[in-house]
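Visitor: Now for the letters of each chain:
Number of protein chains: 2
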Amino acid sequence: MSSIESGCLEKIRPGDEERRLIWDMASALVREIDDSGFAKGMVVGSVARDTWISGDRDLDVFMLFDPSVAREDLEQMGMALGRDIATRFGGDIIEKYAEHPYVNTHINGFDVDLVPCYDVESASKIQSAVDRTPFHTRYIRERVDNLTGDILLLKQFAKSCGVYGSDHMTEGFAGYLCELLVLNYGSFEGVLQNAAVWTPGTIIDIEDHRTKDFDEPLVVIDPVDPGRNVASSLSSTKMFEFSVFCRDYLTSPSGDYFIIHKQPGLSREEFNDEIRKRGTSLYTIVFENPYSIPDILVPQLRRSLRSLENLLEKNDFRVMRSDCYMGSGRSVLLFELLDESLPPVVRRAGPPVWNRSNAEKFLKKHLGLTYSGPYIEGERYIVEIERKYLNAMTLLKSPEIFLSGLGKNVKISMEDHYSVHRNEEIWDENFSVFFYNYIRKESPNVRILQKSSGK
Amino acid sequence: MSSIESGCLEKIRPGDEERRLIWDMASALVREIDDSGFAKGMVVGSVARDTWISGDRDLDVFMLFDPSVAREDLEQMGMALGRDIATRFGGDIIEKYAEHPYVNTHINGFDVDLVPCYDVESASKIQSAVDRTPFHTRYIRERVDNLTGDILLLKQFAKSCGVYGSDHMTEGFAGYLCELLVLNYGSFEGVLQNAAVWTPGTIIDIEDHRTKDFDEPLVVIDPVDPGRNVASSLSSTKMFEFSVFCRDYLTSPSGDYFIIHKQPGLSREEFNDEIRKRGTSLYTIVFENPYSIPDILVPQLRRSLRSLENLLEKNDFRVMRSDCYMGSGRSVLLFELLDESLPPVVRRAGPPVWNRSNAEKFLKKHLGLTYSGPYIEGERYIVEIERKYLNAMTLLKSPEIFLSGLGKNVKISMEDHYSVHRNEEIWDENFSVFFYNYIRKESPNVRILQKSSGK
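Those protein sequence lines, which keep their order, are chains C and A. Under this note's numbering, the final residue of the first sequence carries the number 461; numbering is consecutive throughout. Under this note's numbering, the final residue of the second sequence carries the number 461; numbering is consecutive throughout.
Hints are not guaranteed to be accurate.
Below, in silico cross-link-like pairs of lysine-lysine (DSS-like), each with a Cα-Cα straight-line distance of 30 Å or less [said to hold, decoys possible]:
id: 1; chain 1: C; residue 1: Lys447; chain 2: A; residue 2: Lys457
id: 2; chain 1: C; residue 1: Lys370; chain 2: C; residue 2: Lys320
id: 3; chain 1: C; residue 1: Lys371; chain 2: A; residue 2: Lys370
id: 4; chain 1: A; residue 1: Lys457; chain 2: A; residue 2: Lys447
id: 5; chain 1: A; residue 1: Lys447; chain 2: C; residue 2: Lys394
id: 6; chain 1: C; residue 1: Lys283; chain 2: A; residue 2: Lys320
id: 7; chain 1: A; residue 1: Lys371; chain 2: C; residue 2: Lys283
id: 8; chain 1: A; residue 1: Lys283; chain 2: C; residue 2: Lys320
id: 9; chain 1: C; residue 1: Lys268; chain 2: A; residue 2: Lys283
id: 10; chain 1: C; residue 1: Lys367; chain 2: A; residue 2: Lys403
id: 11; chain 1: A; residue 1: Lys457; chain 2: C; residue 2: Lys370
id: 12; chain 1: C; residue 1: Lys371; chain 2: A; residue 2: Lys371
id: 13; chain 1: C; residue 1: Lys457; chain 2: C; residue 2: Lys447
id: 14; chain 1: C; residue 1: Lys165; chain 2: A; residue 2: Lys370
id: 15; chain 1: C; residue 1: Lys102; chain 2: C; residue 2: Lys320
id: 16; chain 1: A; residue 1: Lys320; chain 2: A; residue 2: Lys403
id: 17; chain 1: C; residue 1: Lys102; chain 2: C; residue 2: Lys414
id: 18; chain 1: C; residue 1: Lys447; chain 2: A; residue 2: Lys320
Quick partial rundown of chain C residues pointing at chain A, CB under 8 Å, derived from the structure [as the list claims (entries may be wrong)]:
id: 19; residue: Thr205
id: 20; residue: Thr286
id: 21; residue: Met326
id: 22; residue: Ser328
id: 23; residue: Leu344
id: 24; residue: Val359
id: 25; residue: Gly374
id: 26; residue: Glu448
id: 27; residue: Val452
A short list of chain C residues far from chain A (calculated; beta carbon distances all over 10 Å) [as the list claims (entries may be wrong)]:
id: 28; residue: Ser9
id: 29; residue: Asp62
id: 30; residue: Arg89
id: 31; residue: Gly115
id: 32; residue: Thr176
id: 33; residue: Tyr191
id: 34; residue: Ile299
id: 35; residue: Arg327
id: 36; residue: Ser449
id: 37; residue: Gln456
Please keep in mind that the hints were generated in silico from the structure rather than gathered at the bench. Note that the Cβ used here is the ideal one computed from N, Cα and C, for glycine as well.
Given these sequences and hints, build the entire structure.
Guide: Following this line, the structure appears as structure tokens:
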């Protein structure tokens, strides 16, 4: 381990006092669950594996119920027990929902999740995804003894790279995935050396028990479930952002690769300057956040972005880039167009002329109503006719956007109200970080290269 | 035969006097060749087949040499004999060139070609394409007796449709192809009924002796050569223009389908009005006709059009339509663009990042010189950088056009000089018919439908 790495590790490894504090809290919660008689308590997550980063205040405590309990009963009893315990420890009660409901609470500065699950015999008998978590915890705990330092370094490194987290917004590396990578490659250094030369279709199967094929760019078979890819939510982009980050660190190691980058915002003036320089046409669609959880909404925002992009392209407005963002109260879809207005004439290809009935219908429809045509090109009728949408604003304000395939909740919110903005008028203080990241978009290694070269 | 058709036939079938005149001339030329002792004379073409249209003044007389004569000798003796005969009949001498040289002359108002060829035993032994012609003449002459009226009608019909002629400009139906279609389908009516339902890949093989596959839309196997498609130079567009022309005539027959359409021109005012209405950007490139024959130049013009279209599209200028024209002294390439100016920023995809050496070269090249990026999308680096050509005029005036794959002679002429014109400034009286056909482009059946509906 280099001095850079040991220096970093010193900062991020929890001290004895911190460790004692969190384990006192965790043990008390587990005892309370055990004493209830309804379920067994178990600490899971990075605290249980001793792989949490100093300062983290997340504590996951699972309530393991007997598999004979009916699903509804598990949900009801789990929530009741969670609420009861939270109250007894003086915490608040927030009901959250993953595959089934759980209690989130805040006690003595800790962010605690109290999650009911089934205490199944083996991972092959799980009834929902959360039942798998205790198996992950046991698997890692049994093998992690000499590797916790390497895991901590990797997590910090991935955070600095912006690829830590398997939620839909990040599409990066889950904590469990980081742990498995270290187990597999033997050390932090081993992970970096291997990840630096990853290609799409890389497969890691520690237990050598894979039962099927996957088409994701990185496949890491779950040691406790041969049919599951732990890296299934990792996007190709994040996989390779990480890969080049590893590569560049190995070439010229620096503490910068372990520092969490605070994303700056862009000022209104900077933003307007950039827009003018680019000369493209930027449009945003803004609406109230739909009522749902981020892990459902973010994929919907992305889907809506794609479908509106298709609508724009279908109408000849070329989209150079697009992006979306879910802010604190409102969401935004952003499109950067090469074209915002188009000539009145549009070319349309008809059916092959040898398809007589369709060809004659097409001919009849357009006869006398064209700029040019109908003429024949190859085997088809072509007409040059009046274009429907002469500019992007008209299109984006038309009801046609609701037929384009928006995400369900996005559509509901937009049907209620949405606004379309153009160039300078899209500025919004609340989106300044999003705008910064859009305009100054660069891969994480580039950020560090630029910094070290003083550019 | 309908009254429309018999009425038409009366006008286009040569009378006894016209027939006597042309045959007197033809026989005298043949006798002269025979008497020379060097070659045998033979009338070929539509006169020989009795399928020429009244008023046509084209007479093809072949000079058949023994196959033992060397190629150079054939060319020399052929030209000498041709010149000698032309002079003796008081005609001028124009040297022309197909696969080898021949003499073109004008005698008593006839346009006479005197063409040397080899008198081979069978079509399988031909040494150049012209040697095949006597076999075509014999094949048709032996089978045409009761069908000359149908053939004349078909030729006139195809002329009216604008699809008669197998030269590169027309890409239509050769006279021999018309004759074979009538032979195959039995009558004018038969051709129309069948052509009306043609689909791409239609095959006609009268002698049922095809020896290979063809991928042209219409395949008519040469009865005297099983490895040749008589319709190889017919474009898909012309094939289907003819098909719908047949269809519409059968639905509502009219004399209009036999009248040769005189192409009008467009006035400067009409042209400028149309340009303004369309709102597109029209550009022309004009240069002196390169020194060569049309059958070589026209394909070169088309190739140049395609390559410049690719150059424009590659630089993000979308071409809605394009066309080219070889005028009497100058040629023109015309492009109708959806875009004539573009934003300063352009997006470029780099290599996959896992291709380390290329990826790092790309990164190094662009670092600090981008609007955005390098960032990673999927597995590739992307940059948004300075666009090279902000408007179409700059591109079309740049030396880059000479690297785009222009036709050889076109390139030579353009390297000497060319001019680029835009919108109203492209007007040129000499191209008014070309402009008319471009703007009012419609298939031949549409022209007649519009006329009959009074639109």
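Visitor: Work down the list of hints and note, for each, if the structure agrees.
Guide: Do the hints match the structure? See the list:
Annotation: proposed proximity of Lys447 of chain C to Lys457 of chain A is violated, straight-line Cα distance about 59 Å (limit 30 Å). Between Lys370 of chain C and Lys320 of chain C the CA atoms are separated by roughly 24 Å; this keeps the pair inside 30 Å, and the hint holds. Straight-line distance between C-alpha atoms of Lys371 of chain C and Lys370 of chain A comes to about 56 Å, which puts the hinted pair past the 30 Å bound. The suggested pairing of Lys457 of chain A with Lys447 of chain A holds, with an alpha-carbon distance near 15 Å, which does not exceed 30 Å.
Between Lys447 of chain A and Lys394 of chain C, the direct Cα distance comes to roughly 22 Å. Compliance with the 30 Å bound is thereby established for this hinted pair. At most 30 Å may separate the alpha-carbon atoms for a hinted pair to count; Lys283 of chain C and Lys320 of chain A meet this at roughly 23 Å. Among the hinted pairs, Lys371 of chain A with Lys283 of chain C is consistent with the structure: their alpha-carbon atoms are about 21 Å apart, no more than 30 Å. Pair hint Lys283 of chain A plus Lys320 of chain C holds up; C-alpha atoms about 23 Å apart against a cutoff of 30 Å.
About 53 Å separates the Cα atoms of Lys268 of chain C and Lys283 of chain A, which puts this hinted pair outside 30 Å; it is violated. Proximity of Lys367 of chain C to Lys403 of chain A is assessed by CA-CA distance (about 44 Å); at most 30 Å being required, the pair is judged violated. For the proposed pair Lys457 of chain A and Lys370 of chain C, the alpha carbon gap of about 15 Å is at most 30 Å, so the pair holds. Only pairs whose Cα atoms come within 30 Å are accepted, and Lys371 of chain C paired with Lys371 of chain A is rejected, the gap being roughly 54 Å.
A threshold of 30 Å between alpha carbons decides the hint, and for Lys457 of chain C with Lys447 of chain C the separation of about 15 Å falls inside it, so the pair holds. A threshold of 30 Å between alpha carbons decides the hint, and for Lys165 of chain C with Lys370 of chain A the separation of about 25 Å falls inside it, so the pair holds. Taking the CA atoms of Lys102 of chain C and Lys320 of chain C, the gap is about 40 Å. The hint is violated against a cut of 30 Å. Pair hint Lys320 of chain A plus Lys403 of chain A holds up; C-alpha atoms about 16 Å apart against a cutoff of 30 Å.
The hinted pair formed by Lys102 of chain C and Lys414 of chain C meets the criterion: a straight-line CA distance of about 21 Å does not exceed 30 Å. About 25 Å separates the Cα atoms of Lys447 of chain C and Lys320 of chain A, which keeps this hinted pair within 30 Å; it holds. Because the smallest distance between the Cβ of Thr205 of chain C and any Cβ of chain A comes to about 5 Å, under 8 Å, the interface hint for this residue holds. With its C-beta approaching chain A no nearer than about 4 Å, Thr286 of chain C sits inside the 8 Å limit, and its interface hint holds.
For Met326 of chain C, the interface hint holds, since its Cβ comes within 8 Å of a Cβ in chain A; the closest pair sits about 5 Å apart. The interface hint given for Ser328 of chain C is broken, as the beta carbon of that residue sits about 12 Å from the closest beta carbon of chain A, more than 8 Å. Because the beta carbon of Leu344 of chain C sits about 6 Å from the nearest beta carbon in chain A, less than 8 Å, this interface hint is met. Satisfaction of the interface hint for Val359 of chain C is found here, the shortest Cβ-Cβ separation to chain A being roughly 5 Å, below the 8 Å cut-off.
The closest approach between the C-beta of Gly374 of chain C and any C-beta of chain A is roughly 5 Å, which is under the 8 Å cut-off, so the hint is satisfied. Look at Glu448 of chain C: its Cβ gets to within about 5 Å of chain A, closer than 8 Å, so that hint holds up. Of the supplied interface hints, the one on Val452 of chain C holds, with its beta-carbon coming within about 6 Å of a beta-carbon of chain A, less than 8 Å. Non-interface status of Ser9 of chain C relative to chain A is upheld: no Cβ of that chain comes within 10 Å, the nearest being about 27 Å off.
Against chain A, the non-interface label of Asp62 of chain C holds: every CB pair exceeds 10 Å, the least being about 28 Å. With a cut of 10 Å on Cβ distances, Arg89 of chain C stays outside the contact zone with chain A, its closest approach being about 44 Å. Even its closest Cβ contact with chain A, about 37 Å, leaves Gly115 of chain C beyond 10 Å, as expected for a residue assigned away from the interface. Thr176 of chain C, annotated as away from the interface, keeps every beta carbon of chain A farther than 10 Å; the closest lies near 14 Å.
Annotated as non-interface, Tyr191 of chain C keeps its C-beta farther than 10 Å from every C-beta of chain A; the closest such distance is 17 Å. Look at Ile299 of chain C: its CB is around 27 Å from the nearest CB on chain A, clear of 10 Å, so calling it non-interface holds up. Not every CB of chain A is more than 10 Å from the CB of Arg327 of chain C (nearest about 7 Å), against its label as outside the interface. Not every C-beta of chain A lies more than 10 Å from that of Ser449 of chain C, the closest at about 5 Å, which undercuts listing it as non-interface.
A beta-carbon of chain A comes within 10 Å of the beta-carbon of Gln456 of chain C; the shortest separation is about 7 Å.
Going down the numbered hints, you'll see the structure goes against 1, 3, 9, 10, 12, 15, 22, 35, 36 and 37, while the others check out.
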